[in-house]
Each structure stands twice: as C-alpha cells, then as structure tokens.
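One-letter residues, chain by chain:
There are 4 protein chains.
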Amino acid sequence: QGSEDSLGSSLNDSPDRDTCTGYVSMDNLPKYSDVLLQMHSVGICGSDVHYWQHGRIADFVVKDPMVLGHEASGRVVKVGSAVKHLKVGDRVAIEPGVPREMDEYFKTGKYNLSPTIFFCATPPDDGNLCRFYKHNANFCYKLPDNVTFEEGALIEPLSVGIHACQRAGVTLGSTVFICGAGPIGLVCLIVAKALGASQVVITDLFPERLALAKELGADFQLKVTGKVEPKQLAKKAEELLGVQPHVAIECTGVESSIQTAIYATRPGGVVVVVGLGSEMVTLPLINAATREVDIRGVFRYRNTWPMAIAMLASGKVNVKPLVTHRFPLEQAVKAFETTRQGIGIKVMLKCDQEDQNP
Amino acid sequence: QGSEDSLGSSLNDSPDRDTCTGYVSMDNLPKYSDVLLQMHSVGICGSDVHYWQHGRIADFVVKDPMVLGHEASGRVVKVGSAVKHLKVGDRVAIEPGVPREMDEYFKTGKYNLSPTIFFCATPPDDGNLCRFYKHNANFCYKLPDNVTFEEGALIEPLSVGIHACQRAGVTLGSTVFICGAGPIGLVCLIVAKALGASQVVITDLFPERLALAKELGADFQLKVTGKVEPKQLAKKAEELLGVQPHVAIECTGVESSIQTAIYATRPGGVVVVVGLGSEMVTLPLINAATREVDIRGVFRYRNTWPMAIAMLASGKVNVKPLVTHRFPLEQAVKAFETTRQGIGIKVMLKCDQEDQNP
Amino acid sequence: QGSEDSLGSSLNDSPDRDTCTGYVSMDNLPKYSDVLLQMHSVGICGSDVHYWQHGRIADFVVKDPMVLGHEASGRVVKVGSAVKHLKVGDRVAIEPGVPREMDEYFKTGKYNLSPTIFFCATPPDDGNLCRFYKHNANFCYKLPDNVTFEEGALIEPLSVGIHACQRAGVTLGSTVFICGAGPIGLVCLIVAKALGASQVVITDLFPERLALAKELGADFQLKVTGKVEPKQLAKKAEELLGVQPHVAIECTGVESSIQTAIYATRPGGVVVVVGLGSEMVTLPLINAATREVDIRGVFRYRNTWPMAIAMLASGKVNVKPLVTHRFPLEQAVKAFETTRQGIGIKVMLKCDQEDQNP
Amino acid sequence: QGSEDSLGSSLNDSPDRDTCTGYVSMDNLPKYSDVLLQMHSVGICGSDVHYWQHGRIADFVVKDPMVLGHEASGRVVKVGSAVKHLKVGDRVAIEPGVPREMDEYFKTGKYNLSPTIFFCATPPDDGNLCRFYKHNANFCYKLPDNVTFEEGALIEPLSVGIHACQRAGVTLGSTVFICGAGPIGLVCLIVAKALGASQVVITDLFPERLALAKELGADFQLKVTGKVEPKQLAKKAEELLGVQPHVAIECTGVESSIQTAIYATRPGGVVVVVGLGSEMVTLPLINAATREVDIRGVFRYRNTWPMAIAMLASGKVNVKPLVTHRFPLEQAVKAFETTRQGIGIKVMLKCDQEDQNP
Ligand SMILES: NC(=O)c1ccc[n+]([C@@H]2O[C@H](COP(=O)([O-])OP(=O)(O)OC[C@H]3O[C@@H](n4cnc5c(N)ncnc54)[C@H](O)[C@@H]3O)[C@@H](O)[C@H]2O)c1
Ligand SMILES: NC(=O)c1ccc[n+]([C@@H]2O[C@H](COP(=O)([O-])OP(=O)(O)OC[C@H]3O[C@@H](n4cnc5c(N)ncnc54)[C@H](O)[C@@H]3O)[C@@H](O)[C@H]2O)c1
Ligand SMILES: NC(=O)c1ccc[n+]([C@@H]2O[C@H](COP(=O)([O-])OP(=O)(O)OC[C@H]3O[C@@H](n4cnc5c(N)ncnc54)[C@H](O)[C@@H]3O)[C@@H](O)[C@H]2O)c1
Ligand SMILES: NC(=O)c1ccc[n+]([C@@H]2O[C@H](COP(=O)([O-])OP(=O)(O)OC[C@H]3O[C@@H](n4cnc5c(N)ncnc54)[C@H](O)[C@@H]3O)[C@@H](O)[C@H]2O)c1
Ligand SMILES: [Zn+2]
Ligand SMILES: [Zn+2]
Ligand SMILES: [Zn+2]
Ligand SMILES: [Zn+2]
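Residue numbers (our numbering), protein chains in the order written: chain V, -4 to 353; chain W, -4 to 353; chain S, -4 to 353; chain F, -4 to 353.
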C-alpha cells in the first residue's frame, strides 16, 4: 500500500533528499531562501494516521510515496544565501504551510487560503518526519533557549487553537463551549484561557480526555453519550456556565455536536467549526441565522508562530502535558499505532539519534 | 380564523386604540416617550401575508386578533412630554422594533437580538397598518421634505438590505452574488451598488423579477430552473463575474440556493443568510469551513434608519421603482391578495384618506 | 470653597436624599428603574481629589455642593417596581455612567460617548460617596459571593484598563508598553496580562510604583528621569522587549510621555491615550502617520462590568493588592489627604458603619 | 544638482537599464518574476516635484541620480520565466511598492509598512518615468480594454484615496469632511462618494480647486482664509452638513487644518491624516481622546489595485477629469514646472512616442 511506503519514506535520512517547498515558483530558490534542518521532534496528527491508513483525505489522494509529518522542529544545518534571520545551529519550529504564489490571499495576509500553498504531508507535498528536511527559511522560527524542541513541534496544533480562538473572538470574560477534548479541543482550551476566557465547558465521549481537560484548566466537563439530544446538551452547557456561552468551538466534526454548538451559543455569538466530518451536514440554520450566531470555519492558521513562541517563552501557556508518548523515529510504526488506537494525546517521534530529549 | 380577524383589526381607526410598545417595561410611558401617529403608507411584507394566511410563522403564533403591518410611515399628531426631537406635523418613518429591556444586547448596540424586543406585527405585538398608531418616539425618524412617505415606509425592507450588506462586508470593488430577486434580494442589490460593489449577479426563477433587477443595476441575471445543480449554478455565477464573488447574499431561504451560495463564494468570503426556509438545512460545511467562507445570519437590522434617510435624501439610492401597486386601506384584502399571488414587487396601503400620494 | 462643601455633602446619610440619575429624561423614573443602595466601599480617584482641591476639571465646574465618589459598591435596600434582576440584600457594583437619552451613541452601544450622560461626581451630577444612594438598576451589577465589596468598587478603575486594552487590541502574545504606574497604569497592566500579553514594560518616576508593578506582573520596569529624551526612552523600551511593542498605553498625560509612546510603537500598532494632560499637545505626527501608528483616546468605558465580574469571580485577575489604605467615611478628609499626597495606590472609604471589611 | 540629474535620467530609454526591484532579496530574480514594460503614461506627483527641487523629503535624500515617477502604466514587452498571469502585449498598471522581505508586515497583509520595501522614486529606488522599465510582475495589474492607460496611471493616487477612506471607515450614509482639494483630497472625495457617503464638505484655499471638487460631487465647499480659527471652521463644516461629520480626511498637512479636522469630527469618529506637514504638530489631544475621535495615519496603500480596476472597469468611479495637462516625455521639464506652479490638477507625461493617447 501507498500507506506503508509513505511511512517508510519518513525514514529516509539523506541530507540530499530534496523536500524543498519551491517557494514562489522559482526553481533554484533553495540556494536562496531555504534552510536545511536536522529534524528533532515531530508530533503525529490524526491526519497523518489517516493518510497512512486510507491513503486519502477528501480530495487529497496519496499517489506517490509521501513523507508524513507536519508538527515539527529541528536544528539548522545549512543556510541559503538569501537567509538573514537564521544561522547554522539555530533551533527552529517549522510552519508547514508555505505559499507558492503571490496571489490575493498572500498579499492580504490570508496565505493559508491560497489554493496553491505547499503544505507538509498533504499530497503531493512531502512532510518532515525524516532525518533531514529542507524548508523555506521564512517559515522557520527561531526558538528561544527556554522553549524545548517538543514545545516547538507543538506550536503546530497550538496554532490551530490560536486561529480558532481568534476567529471566535475569545476575549476577557468570554464563556466558551468546546466540543471534543482531543488534541485540538485541548489546545483551544489552553488558548481560550490565555486570552482571558472566564469559564470553559468542554465535552467528550471519554472520561480520561475530560480528566486531562480539567487538569489543563477546563471549568466544567460534560460527558456525552449517544442518547443525548443536541438541544438538551446545549441546555446542559448553559446550566453549567449559568449563561449561554459567547462562543462555541467545535472540535469533533460530528454532526450532532455541531448542532449542539449552534443551539448552545448566545445570540450574536460565534460557532467556530474546526472539526471536519462528513461533506454534507444538516444544521439548524434558522436558529443560527435569526439569532445572528455566525458559523466560521478554520483552515489551519496564519501568522501564529511568533505569538505562540512569545507565549511559550513567557510561560503564559503550558503545552507540555499534551505529550503522553515518545518513540524514536525507528519505531515510527509503533508510534502511529498508538495514535491510531486513540491512546494518550500527543505522540512524539524523536528524529535525532543523538538527542532524544524533549 | 385568526387571520381574518388580524387583517380586520388593521382597519381600526380610533386614535384611542393603544398599540403602544410599552418601552422599558414602564406602564405609563406613553405619556412620556411615545408619539401618536396618523398613518400614511404601509407596505405589505411576505410575513404579513403569512400571518394572515397561516396565523403563524415558526414559533410565533397569532392567538388574539393582531394588527398587521411593519413597513410604515406617518405624521405626528400628538407628542409625549419627554419627546424632544419631534413635534406635531412632523413626517416620520417608523422603525418597528423597540427594545423593552436594557439587557446586554441593547447596551452593546445589538438591540435587534434582544429576546424581549417589541416588534410590530410579530405576535403578540400589534403592527401599524391602521389609521392611528402610537410608537416610541426614539424609534420614529423625521423625514426630510424631499423624502416621500412611501420612501419612508420602504426604509424597513431597505434596512434589511443595509444590514445584510454590512454583515457581508460589501465594499469598494466587491463582487456580489445575490440569490433571489424578490423585494429583499432587490434591496440588497440597491445597497450593494451604493456601497461600491463593482459587479452583482442575481438569480431568480422568474424573468420579470430578473428584468426589474437589471433595471435596478444588476450586472448579470441568472435564471434558475429546477434542474440545475448547486455546484453548476455556482460555476455559472463565477463565469459571469470572471471571478468567484467576494460575497453571497441568500434571499430565498431555499436549501439548494444556500448550497449554491456557499459553493460560489471565494475563499475568505462571506455568505449572508437572509432568506428563511426550513428549520433544518443540509449544507456543504467542509467546503465552507476549509475555505473559511463565513456563514452569517441576518435578523432584521439595527441602527439603519439614520443612514437610510441620509441616502434617500441625498438621492444616492432610489427605491421608488419597488412600489408596483397602491391600494387605499379600505381595500386591504385586495392588496393582500395581490402580494399573496406574487404580483408585482411592493404593494402599498394608503392609510390617510385625505392624502393618497406617494 | 465649593470643594469643602462637596466633600462635606458626601457625609449626608439620609436615605431620602435624591441622587437619582433620572434615566431617559423621565421625572418619575426612580419608582420604576432605580434601586436604593446602602453604600459599602468607595475608592478615591485622582479626579475626586482634583474637584475637591480645585473645584473644576477642564470645562466641568463645581457650582453647587456636589457629592464626590464614583468607584463604588453597596447593598440593595429598596427596589423600584420595574426592576427585575435585583432584590433587597443583593450586593452590587455601580457603573457610574448612565445615559440619559436614547441617542445614536446609546443605540450603537457607545453610550459612554453620549454628551448628556449622567456621571457620578462629574458636575453637576452627584457621586456616591455617602451612606445611601439611588442609582439606575440597569447600571448596578450583582456581585457573586466570592467577590468582595472592594473588588466591586475597583471594577470602576479596572474598567478603564479593560476599555484601554480593548481599544489597543491587546491579544495573545502582544508586547505592551505602559507609561505610568499609577492606579490606571496598573489596571492596564493587569488586564493586558489577562488578555494574553506576553511581555509588558512599564514606566514611572517613582521606584515604589515600579516595584508594585513588578509584583503585579510587569516583565520590565523603566524609571523615568527628567533628562531622558522621548526617542531615547522609546529605544530603551524596545531594547528591554527585544522588539518594538505592538501597543503603547499612555497613563500619565505628560507630553513627553505621549511622544515616547508614539516613537516606541511598532508600525501598524496602536497608542492608546488614557492619561489626560494639557489641552494642546505637541506630537510627532508624521512619525505616527507614516508608520500607521493609530492614536486612540479612551473616555471611561462601556459594557465592562459583566466581563470584569466574570474575571474577578473566576480568579483570573487579582486587583486586591491595589488597595493600600482604608478609612471609615467619617475620616474622609484624611483619606483624601492621603491620595492627594500620592501615598499608596488606592484609598478605600468604608461607608457602612456596621461592616468595614473589604 | 542631483535634481537636474534625476529628472534627466528619466529620459534614459535603453531597455537594458536595470531598474529592477530585486524582490525577496534574490539577485537573479528578474529572469523569474519580473516583466519589462514599455511605459505609456506617468503622472507627476507633488513628491516628484519635491525631490526634483529639493533633492530630499524628510530623511529620504537623493544621493545618486534617480529616475522619478510612480504613477504609471505601460505595456508588457518581455516576461520573466515564472510569470503566469501576464503576457507580452498586456496593458498594465504598476503598483510602485514591492516588499523586499517576507517580514511580519508582508505576512499579515500590511506590506506597505515593511521598512525595507522597494518604492519607485523614493531614494535610492528608481522610479518609472522612462521609456522602458522592469518591475515585479506580481505588482503589475492587467488593465481591461475599457480602462485607459491614463486611468491605469491614476490608480496610484486613487489608491491613496481608497486606503484613506478604508482607514476612515467611510460607509453608507457617512458624512465626510475633507481638508484640501488637491489631487489627493479629490480622490478621497471620489472614493468616499463611491463608498456611499451621503454628504461631503471639502475645503481649500483656492476657488478653482473647490469648483472642480463641486464638479466631482462635493456637496459643500468651504473656502479657507488665513483668518479663520480651527474651531470656527469646524463649526462651519458642521453647519453645512447639519451634523458633525463621522469622518474627517486631512489632505493638506497644515497644522491648523489638522486641528480643524479634530474639532469637527463627531464623538466616536475618525480623523485620517493623509497630508504630511511638519515633523511636530500641536493638537487638541484631550478633545480627541475624551470624545474617542481616533487619529489614523495613512502610508500609501496596500491591496488597492484590484478593487480600483474593478471600479474603473465598471464605470463606478470617474477619474478622467483629474488630468488637466499632458506633455510628451521630451517636455518633462515643462511638465514638472506646471505641477510646481500648482497649475491644474494632474499632469501626465506620455512616454510612448507612437501612442500619446489617454
Ligand atoms: N480545520 C482545521 O484546520 C483542523 C486542523 C486540525 C484538526 N482538525 C480537525 O479537528 C478535529 C479534532 O482533531 P483531534 O486531533 O483533536 O481529533 P481526535 O479524534 O483526537 O479528537 C476528537 C475528540 O472528540 C471526541 N468526540 C467524538 N464524538 C463526540 C461527540 N459527539 N461529542 C463530544 N466529543 C466527541 C472524541 O472522543 C475525541 O476525543 C478533527 O475532526 C480534525 O480533522 C481540523
Ligand atoms: N432575516 C431577516 O431578517 C429577513 C427579513 C425579511 C425577509 N426575510 C426573508 O427573506 C426572504 C426573501 O424575502 P422576499 O420578501 O424577497 O420574498 P419573495 O418570496 O418575494 O422573494 C423570493 C424570491 O426568490 C425566488 N426564488 C425562489 N426559489 C429560488 C431559487 N431556487 N433560486 C433563485 N431564486 C429563487 C422567488 O422567485 C422570489 O422572487 C424570505 O425567505 C423572507 O422570509 C428575512
Ligand atoms: N481617559 C479616561 O477615561 C481616564 C480615566 C481615569 C484616569 N484617567 C487619567 O489617567 C491618568 C492616570 O491616572 P492615575 O489615577 O493612575 O494617576 P496618577 O497620577 O496616580 O498616576 C500617574 C503616574 O504617572 C507617573 N508619571 C508622571 N510623569 C511621568 C513620566 N514622564 N513618565 C512616566 N511616568 C510618569 C506618576 O509618577 C504616577 O505614578 C491621569 O491623567 C488621569 O486623568 C483617564
Ligand atoms: N500619506 C500618504 O501616503 C500620502 C500620499 C500622497 C500624498 N500625501 C500628502 O497629501 C497631501 C496632499 O497631496 P496633494 O498632492 O493633493 O497636494 P497639493 O499641495 O496639491 O494639495 C493640497 C491642497 O490643500 C490646500 N490647502 C493648503 N492649506 C490649506 C488649508 N489651511 N485649508 C484648506 N486647504 C488648504 C491647497 O490649496 C491645495 O489645494 C500632501 O501633504 C502630500 O504630502 C500623503
Ligand atoms: Zn495536524
Ligand atoms: Zn417585513
Ligand atoms: Zn476615576
Ligand atoms: Zn505620489
């Protein structure tokens, strides 16, 4: 299967393998704007597992062997001639999306929406779960000494949480309803709290995930069982908070959960759709529209690395508890199995044989 | 039937009938903040016809006889003691929604979302299709001499268009896709053009409506037939404009049309849901979410009368062509029949027997 | 002097004294929308001292004896007939500004800008530094059990900080430059941190104030001496942060400090002007304009009490260290003297003889 | 003098002269992302004249001979290998600012604020008043057939107006106060009207300029004489409009005029500072701050060409009346003299000897 291969090629360790993103459609750009990185820590994401298992997500189909991995950090080992802000030895976090064209999206600061963007481990673009990897230096961010490689790798999922909370407009005193306490729900929780949310209620099917959510600062946990009606669940969230939440952040992709998010949210509020489920979803649209509850999607993130690093460096957010498992790159299959089975939260692959520290 | 009665009571012409909005839950407020108006022109809205025919819309049920009408203008005949900005003889346009409580929505300027708002002809609140009518003076706006009573009445539907275009973020050079060329689609068209939209494409089932849209400034018209797939129709709109529209304003409430609106809109754009159809609607949510196409509802309007009057007075928008029929109040049933049969666009009832001019 | 008198009248303890705000220009409103409060804690503000000493601030002149005080909390002892959300015995924080007219500012949620607003202790409106006080119930907010009266009174200055940080757009990872570590600079610091600011540098003339700022979370302190040039000081702030701040919040009103704020701020950033100094101020306008550094004033606050209470109740902000002195109401003159001499930060007057607790 | 030389070098007509913008700090980029243009029409701007006369503006000093001109359009004669959206023969308008680094400003869509941006005719970067000129193709925009070269060149000043009106938040029904009826004040007027402003009052010292403003749609003109006090002038503007303007756009740079703009603007409104005068300016800051009148600068523009072209193509704005004089490139000195003497509004230089049409 392509899936076996794609995982296999992650083990490629030649510094010559060209995984370059080819920024701004120029062929010889690597010499100019790229850096070559020795990879250190790469987190496994649900989408990695999905490509591995099914060889596709929606219209993105893995046709050729593809390197997986997009939650990553590493150390600079070579620097293109045009690179000014990085030097050999710098520890960096990698933003996996690099726009290829200077289109209207890029020019207006919404480069994540550029249809031709390069993105690690979204076919046909290779990811960075490997020994050495080349990337556009403008999308590599130097880590301060007090931020670990693993924190650097976790900036990728954290960025989803930042972008989601920004799209939601979470602010001082916000009450927030988060659906789903997987890695993404949890980063949304962490960010919402850092932005001043006064109370967060979070749902999940599994008590262990809710328990971790509590540790990370959730004020209320709601265990969801198959039998609860969306309207009832929305009511429960409201009862826990004492008010209807200003904002709901949906991180499961499950239809009934999206419906719950809409019913729960206060008039004039926002439902942010992070979870991605079926193509077509049935929603209580009149309920949303006549209460002006906006429905806003999230596609990855943009411009989040600098603020994430600022938050990590100043100790304002703590993502370390998210890492529950670590494997050396050689045990990649075992690592992927762990994530596939839903064990723990975030599994880290350690790509540097000399340094397997966080 | 309640419907017969509700229409009947519109004919009540006693100046003593108390249709007061009872602002801020104080019983004797009329003497203070209200004005008594001699009604002049009242437009018939689809919702009026619906209450007349079916006695209900969604959860709003007509239980007692109810006066219809909420698109209205009249002349001040009596002034409460606290009213400073109006005097007897002033011609005014009436904003039909008056908040009753100083809740968070009112305090933050989103009074249209206040759950306890008074609203003309939404049960159990009486409307203003009658000879004399009392209303909170703060929601009556003096008309300049060069704005007619009918233009004043048309500010109500125009306000829906203003609020929709503002929620959509229509601005200089916007390309706009409007679904439905009924009265609401047409006011959205007029406002979008006034806000600087460069190109508007509009859809409808009926060629007559599209023809009027063309007269009012639509750059392209798209006749919809039952057979067209949403994705195909979206493609057609794009082809006409040469680009995907920045913004879609849905004014039919029909499921396939809402789907079309989503498919058509450019990444990072906005779909505004004005049309209200079935409670549950199936949508291509992943398509919207991963392209960050926001879905924003519209519930009436807020703070639109002053800017609408400014636009009418300065001649920047022309809503007069919308009025296709006029009837004296005595022929209310005939007038309602006309709207019920979908003949013309806006039917005006003339409530002042001495002055039936526009 | 009027100043003696105005302080004197604060001691008035008759429950019959009518300090009512007379909301929405209706004479008999107290019976409806007001509550009578037994005052508990009232903080002294610089403006109170100024009126006491000079009898005027800018164009606001104390002509008749005036009750001072606007940072206050108390207990409900009587309730108007239209009041639903409060009952006798409730502990409340008082928002001192109550709009009198339903003008465009009020309708659009910017009621603090309404020119005819009632405001406690801004002549000719009486304040609430007294035993009993009547206020519009819509601007009295119930305190949860875990929020003290003094915290309730401190919501007033805290609100200035909230509004300032909101106008500044402080968000996750913001770097913030605060000029002046008086009560207002310190609440801005607290709020900026709660909103996710990663690093705050704060200035003052006095080391004691900077020391408290450090305790409250300031990352860097900058002692200002008369000799430093604005450009040099701006450079120092940049050096401490490692970057130019996204945002500067000016809380001294001193010309050179406002200039410093402009020079320091990053292109595309915001300078918020909270401090009020001389009428005319000389600014490096080209520097600001060509770097699109916005200059935004702050006039008090709007809609901040609910979120402040949410933050206090959830323990997300701690304002208790701001209170450095307490006096019973009988010792008001001594209390005012303390503030006048710039001793400590916030002086609290305790108006309830039975309960002098925080 | 450098000034003579800089003008002289505009006459250079060798297609080999490298005026390339060297985008993204890569030396051999021209072959990839640039286009070579045969210049057609170039407008003369006040800054061009200033460099010619004084050899400097603020800190920008002309040290080496510099080609002037930045309001320009031309025809593509050669295309870099990476250019997809343009082909030989295309008529294009040129956006003169091209960011050189992918810094935070560029990534967030505010590239005009990037400190290292290339900008035509801002030393040391050459402009495009010449026969042939190379430019980054991503900042060249194809003109539709119904938009002339001169309209294309006028997009540059028009963009200043677009950016100013956007920063001001001009929208439906806005009342706008524009100070100065030079080319920049006039484009602000045109754009404000296109965005739905209901009434615009404009000032100038000279009746001829006010007369043209009237032709272009200004509702009121105010002739300024040396003797008028800022507060009085602000009052006059209010009297003409009947209300205080929502927005003031300052296009003179004169201190008293900026003061007037502040006094005139309504609470909660915006003063946009476009005009650039002395380094230090004395302002009524308390007046602005306590009424929350924001002061926002404008530095050129960003992302305005596409919407400007859309507006011109759809006939929604008409900039043609701005061109009052035309000269062949050979008569550049005469053309510059005309602008220097303040004769007419916009002087066009015609660079294509075969085609001197608009
Ligand atoms: N939009 C984006 O850019 C983006 C980025 C990353 C992830 N995602 C999506 O976000 C979602 C969450 O990602 P994740 O990595 O946390 O996935 P996950 O599968 O680990 O977590 C989902 C959680 O939701 C819980 N859940 C399932 N059904 C539920 C229900 N009905 N009610 C409450 N909880 C329920 C599960 O128990 C699980 O803990 C996925 O759909 C993923 O595709 C989107
Ligand atoms: N949200 C609000 O505050 C608000 C306010 C007023 C009206 N509305 C809603 O707006 C909608 C429009 O109001 P109206 O008064 O113009 O109604 P209308 O019925 O007169 O107009 C609807 C138009 O849509 C056309 N149409 C129907 N199906 C279509 C399709 N599949 N594709 C294209 N066009 C189609 C019809 O031919 C008709 O011309 C209604 O649903 C109404 O309830 C909402
Ligand atoms: N805009 C509003 O709505 C609003 C509301 C409240 C207060 N204010 C204003 O905010 C300002 C601060 O209020 P406060 O109660 O904290 O006053 P304060 O006088 O107690 O504090 C001002 C602080 O600034 C310091 N300072 C003075 N000059 C300085 C300089 N050059 N550099 C650095 N620090 C300097 C002082 O040492 C002092 O600690 C006052 O001007 C007040 O009028 C405005
Ligand atoms: N911020 C930017 O990005 C940007 C871009 C272009 C131009 N500008 C600036 O905009 C300003 C206007 O440019 P322009 O090309 O129209 O210049 P201009 O000199 O042709 O026009 C200025 C107009 O203001 C009038 N004026 C002078 N003093 C006045 C007063 N006290 N009251 C009223 N009117 C007065 C003059 O008679 C003249 O008509 C200049 O300062 C220029 O530097 C700024
Ligand atoms: Zn992922
Ligand atoms: Zn209606
Ligand atoms: Zn105060
Ligand atoms: Zn110019």
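It is possible that some hints are incorrect.
Heads up, the list lumps identical chains together, so a pair's fine if it works in one copy or across two of them.
[Unchecked claim] DSSO-like mimics (lysine-lysine), calculated; alpha carbons at most 30 Å apart, straight line:
{"no.": "1", "residue 1": "Lys226", "residue 2": "Lys315"}
{"no.": "2", "residue 1": "Lys105", "residue 2": "Lys230"}
{"no.": "3", "residue 1": "Lys226", "residue 2": "Lys73"}
{"no.": "4", "residue 1": "Lys329", "residue 2": "Lys230"}
{"no.": "5", "residue 1": "Lys311", "residue 2": "Lys73"}
{"no.": "6", "residue 1": "Lys79", "residue 2": "Lys231"}
{"no.": "7", "residue 1": "Lys105", "residue 2": "Lys231"}
{"no.": "8", "residue 1": "Lys82", "residue 2": "Lys218"}
{"no.": "9", "residue 1": "Lys315", "residue 2": "Lys58"}
{"no.": "10", "residue 1": "Lys226", "residue 2": "Lys329"}
{"no.": "11", "residue 1": "Lys218", "residue 2": "Lys311"}
{"no.": "12", "residue 1": "Lys222", "residue 2": "Lys311"}
{"no.": "13", "residue 1": "Lys82", "residue 2": "Lys231"}
{"no.": "14", "residue 1": "Lys79", "residue 2": "Lys311"}
{"no.": "15", "residue 1": "Lys79", "residue 2": "Lys226"}
Calculated from the structure, these hints are not laboratory results.
Evaluated hints:
no., hint, in the structure
1, Lys226 / Lys315, "neither (35 Å within a copy, 40 Å between copies)"
2, Lys105 / Lys230, "between (36 Å within a copy, 23 Å between copies)"
3, Lys226 / Lys73, "neither (56 Å within a copy, 39 Å between copies)"
4, Lys329 / Lys230, "neither (42 Å within a copy, 46 Å between copies)"
5, Lys311 / Lys73, "neither (32 Å within a copy, 45 Å between copies)"
6, Lys79 / Lys231, "between (54 Å within a copy, 24 Å between copies)"
7, Lys105 / Lys231, "between (37 Å within a copy, 26 Å between copies)"
8, Lys82 / Lys218, "neither (49 Å within a copy, 36 Å between copies)"
9, Lys315 / Lys58, "neither (35 Å within a copy, 54 Å between copies)"
10, Lys226 / Lys329, "neither (41 Å within a copy, 42 Å between copies)"
11, Lys218 / Lys311, "both (28 Å within a copy, 26 Å between copies)"
12, Lys222 / Lys311, "neither (38 Å within a copy, 35 Å between copies)"
13, Lys82 / Lys231, "between (53 Å within a copy, 27 Å between copies)"
14, Lys79 / Lys311, "within (29 Å within a copy, 41 Å between copies)"
15, Lys79 / Lys226, "between (55 Å within a copy, 27 Å between copies)"
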